[in-house]
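A.B. asks: So the protein sequences, as listed, match chains L and A.
Under numbering that gives the first Met the number 0, the final residue of the first sequence carries the number 135; numbering is consecutive throughout.
Under numbering that gives the first Met the number 0, the final residue of the second sequence carries the number 139; numbering is consecutive throughout.
Not one of these hints is a red herring.
Here are some chain L residues pointing at chain A (derived, C-beta under 10 Å):
| hint | residue |
| --- | --- |
| 1 | 30 |
| 2 | 117 |
| 3 | 118 |
| 4 | 120 |
| 5 | 134 |
| 6 | 135 |
Hints in this document: simulated from the structure, not taken from any laboratory.
All figures in this text were calculated on a predicted structure; none of them were measured in a lab.
Virtual Cβ for every residue (Gly too), placed ideally from N, Cα, C.
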Amino acid sequence: MVYLTRKAEFSASHYYHNPQLTAEENARIFGKCNNPNGHGHNYTLEVTVKGNVDPRSGFVVDLKQLKDVLNREVLHAMDHRFLNKEVPEFLTQIPTTENIAIAVWQRLAPKLKQAQLHRVRVYETPDLFVDFYGEP
Amino acid sequence: MRAHLTRRYMFSASHRLHSDNMSDAENAATYGKCNNPYGHGHNYVLEVTVSGPVNDQTGMVCNLMDLDGFVQHEILDHFDHQNLNTLQEFAKSVPTTENLCIAIYDILQRGFRHAHLEKVRFEETMMNSFEYAGGRELRT
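Work out the full structure, taking the sequences as your base and the hints as a guide.
C.D. replies: Written as structure tokens, this is what we have:
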């Protein structure tokens, strides 16, 4: 089994707000992230897949295919977007780093054919990242 | 859905690697320059990884304000700009980064209640790093 990781970057804005909570609760829980005008980050994404090395190609996965899927399913949808308003998952969920990692996983997992998705890591800043391994 | 969240912090501290159980010659041979009696310092990078179900109400494994607050009060305020050899955590052990990992893990394990502690990772310099998961194997 060999693990392969592909990195990508995207920039997007978001804010944290739960309409089921009062304005005071939202402000207390989410602090500055609750500003409804949004704020932004340069996100770094690391997608790790695993599989056996194909004896003919020497690949775990065709990187070009992985890159194409990543571009089509994730970057096209999230890069330079206001996540709360433009990405369907985040019309109903708060676009925290945790939920972004889960959304990326759910977008990629059904589209990857050769290799198995192992981990999605999303850096919101260099000092904060979330790992999602597809665990229920 | 269960996710892992990692936060990076930094603090600066000095230490000297020296064991009372060894002769001066053994200390010098074991610790080399790190045995300098006057000590030396590092900018330590500390990574704390916690895990848990992503809360439906908040979208979070744990609120960063809780994690940052705990680490600030219980770890950074205690260790930053200190000589590690003078702290009670190292009264009986050598302040190697291995032992520092274990000491910090224990502080988090004892006191942090907002998510499950997965591991602690330290970069002593850009060239070496240490990880401790309470004795468990590390996850890839």
